[in-house]
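As they're listed, the protein sequences go chains C and R. One point on numbering: in the numbering used here, the residue at position 272 of the first sequence is 272, and numbering is uninterrupted. Add 273 to a position in the second sequence, counting from 1, and you land on the number used in the numbering used here.
Keep in mind the hints are simulated off the structure, nothing from the lab. Quantities reported herein were computed from a predicted structural model and do not represent experimental measurements. This list has only true hints and no planted wrong ones.
Straight-line C-alpha distance at most 25 Å; calculated DMTMM-like pairs for lysine to aspartate or glutamate:
#: 1; chain 1: R; residue 1: Lys386; chain 2: R; residue 2: Glu457
#: 2; chain 1: C; residue 1: Lys262; chain 2: R; residue 2: Asp407
#: 3; chain 1: R; residue 1: Lys358; chain 2: C; residue 2: Asp85
#: 4; chain 1: C; residue 1: Lys186; chain 2: R; residue 2: Glu402
#: 5; chain 1: R; residue 1: Lys344; chain 2: R; residue 2: Glu426
#: 6; chain 1: R; residue 1: Lys344; chain 2: C; residue 2: Asp166
#: 7; chain 1: C; residue 1: Lys164; chain 2: R; residue 2: Asp407
#: 8; chain 1: R; residue 1: Lys569; chain 2: R; residue 2: Asp553
#: 9; chain 1: C; residue 1: Lys186; chain 2: R; residue 2: Glu369
#: 10; chain 1: C; residue 1: Lys186; chain 2: R; residue 2: Glu390
#: 11; chain 1: R; residue 1: Lys344; chain 2: C; residue 2: Asp167
#: 12; chain 1: C; residue 1: Lys262; chain 2: R; residue 2: Glu369
#: 13; chain 1: C; residue 1: Lys164; chain 2: R; residue 2: Glu328
#: 14; chain 1: R; residue 1: Lys358; chain 2: C; residue 2: Asp166
#: 15; chain 1: C; residue 1: Lys186; chain 2: R; residue 2: Glu328
#: 16; chain 1: C; residue 1: Lys87; chain 2: R; residue 2: Asp290
#: 17; chain 1: R; residue 1: Lys277; chain 2: R; residue 2: Asp341
#: 18; chain 1: R; residue 1: Lys376; chain 2: C; residue 2: Asp166
#: 19; chain 1: R; residue 1: Lys376; chain 2: R; residue 2: Glu402
#: 20; chain 1: C; residue 1: Lys186; chain 2: R; residue 2: Glu349
#: 21; chain 1: C; residue 1: Lys186; chain 2: R; residue 2: Asp407
#: 22; chain 1: C; residue 1: Lys186; chain 2: R; residue 2: Glu426
#: 23; chain 1: C; residue 1: Lys186; chain 2: R; residue 2: Asp387
#: 24; chain 1: R; residue 1: Lys376; chain 2: C; residue 2: Asp167
#: 25; chain 1: R; residue 1: Lys378; chain 2: C; residue 2: Asp167
#: 26; chain 1: C; residue 1: Lys87; chain 2: R; residue 2: Glu328
#: 27; chain 1: C; residue 1: Lys164; chain 2: R; residue 2: Glu434
#: 28; chain 1: R; residue 1: Lys530; chain 2: R; residue 2: Glu561
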Amino acid sequence: MNNKKRFFAVPYVVWMTAFIIIPLLIVVYYGLTNVDGKFTMENILAMFTPINMKALVYSLLLSFISTVICLLLAYPLAMILRNADLKSSSFIIFIFILPMWMNFLLRTISWQTLLENNGVLNTILSALHLPKQHIINTPYAIVLGMVYNFLPFMVLPIYNTLVKIDDNVINAARDLGANSYQTFSKITWPLSLPGVISGITMVFVPSLTTFVISDLLGGGKVHLIGNVIEQEFKFKYDWNMGSGLSLVLMVFVLISMAFVTKYDKDMEGTNVW
Amino acid sequence: MANKLVDLQNISKAYGDNVILDDLNLYIKENEFLTLLGPSGCGKTTTLRIIGGFETPDSGKVIFEGKDISKLPPNERQLNTVFQKYALFTHMTIAENIAFGLKIKNKSRQYIKDKIEYALKLVNLKGFENRSVDSLSGGQQQRIAIARAIVNEPKLLLLDEPLGALDLKLRQDMQYELIRLKNELGITFIYVTHDQEEALTMSDTIVVMNQGYIQQIGSPEDIYNEPQNAFVADFIGESNIIDGIFVQDEVVEICGKKFACVDKGFGNNTPVDVVIRPEDIDLVDPKEGTITGIVKSLLFKGVHYEMEVEANGRDWLVHSTDLSPVGAMVGIKVDPYDIQIMKKPESEDEEAVVNDEQ
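Only chain C is shown next, with the shape it has when bound in the complex (with noise of 0.2 Å):
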């Protein structure tokens, strides 16, 4: 009976060694090693360059301000949707889904022809006699993106640890005398942090090591550090390089998990994905 299960985790482990694990110290080795295949630190320290320092700062900024108003925007959403009717929030959460299934570069460059300085928004501001907006390459635009893509991470993690809340839970606090806002920071918030930290990985993660956005919708003039690891492989062929840059990187990324792990136990705010 074991063994029989154990067979059937076969093609996973086959999986996870060949396109996870493998991969992995692939990109370990190289960022640990020189061009001729020598262990050296160098390319680990690169990251310390005034110019990659600068990238991987603004990036952490980006990031960060992205993580922020998907927040701000994404937390009152999930509490319309938790007190609306099921009918209605399976109807805007499918709304909200609805985008994720088309392409990811095809949305981004859609921004790009909205956002053009002859774009659809400077040709609507034009029509309606209000000054054109320069947009596009700028870090705006970045975060626009960013916004844009990855709202969804954080509706529903924080959405389903707020559905997850009984009613009754809220009317004691009422019940026992707190007000509608001693309500929410003392029960409400503090229940769905769970999903709020989730969102918050699930959006600065991705957020943080984008190339795509950055290319698209920066035009080449703003550097983050996911373009950086990017150039290095693509155009300066240096994977030595690349891949220490991207260990440096993964060290946020395991961060941002340990967080994850620490306060989502249940993983309440992930089991939608």
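Starting from the known structure of chain C, fit chain R onto it as the hints suggest.
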């Protein structure tokens, strides 16, 4: 007579077309243990939620100590609720749960500490301060929910099927516990349940509800011994509800035989419902009985035997500590004061439930 603590006046509530309560009037006296009893969907929980402030009545008033509180939010009402399934705050320790209401009211640390200790002692959970909610059994969680409510010294405690999720033995223990608490604290209890035994055991007053209407208000003895309609008779305990004709005062005809009773004033030769509790039927020698029948089935129930006796075209449910074997000829005899006469139901909600939920 004690004062009215809560007075519900002409309360109506509907969700769309679904009328839950229709012109309900009810008052609760100070220091009373009042139970709202009825099947699910009878409006008992809605009534409680209206008093607690979690629902707003479509019309009517909730008067609390002479003041109209219909429009007040729950946090401004001088009462507390023990919820079905406890609704404890799982992200807090037991002590924090109990302290919640007191912290909101900005009580001093020492006061809160003393109160927590007092409340835990009262519910027999001394030393549980730092335990987590998840580490407690259902019965213990229930006690914490009660402790959390009573530390606020409410004048009125609302309990919404608080024992529904507990097993039988624990439920019985908690019934005694609740009565003890009520007597020690001297607060008024409004208790919602669908369990008639629970209601009979604990209450000073029982309000039997069905389909949004009050069927009968009275002491447990009144409700059990003198049900006012077929619904109450059927819902509370087991009973034989028999079509009869009220021949004249103190005489009723059942299954073609005249029985002496003690009721008066139903009008001569009027069709009525007659209730006879199974334990009130005496099985005697066929010659002595008012009617005679044959024992059809026999079940041993522990305290008594449950028998079905076929006589004059119907089955009579009989409880007796004396055994009459299946197939035996028996006489059925009922004492006059054990016959309860009721008017025929005037509306659907007064009728006996055909498919008993339990």
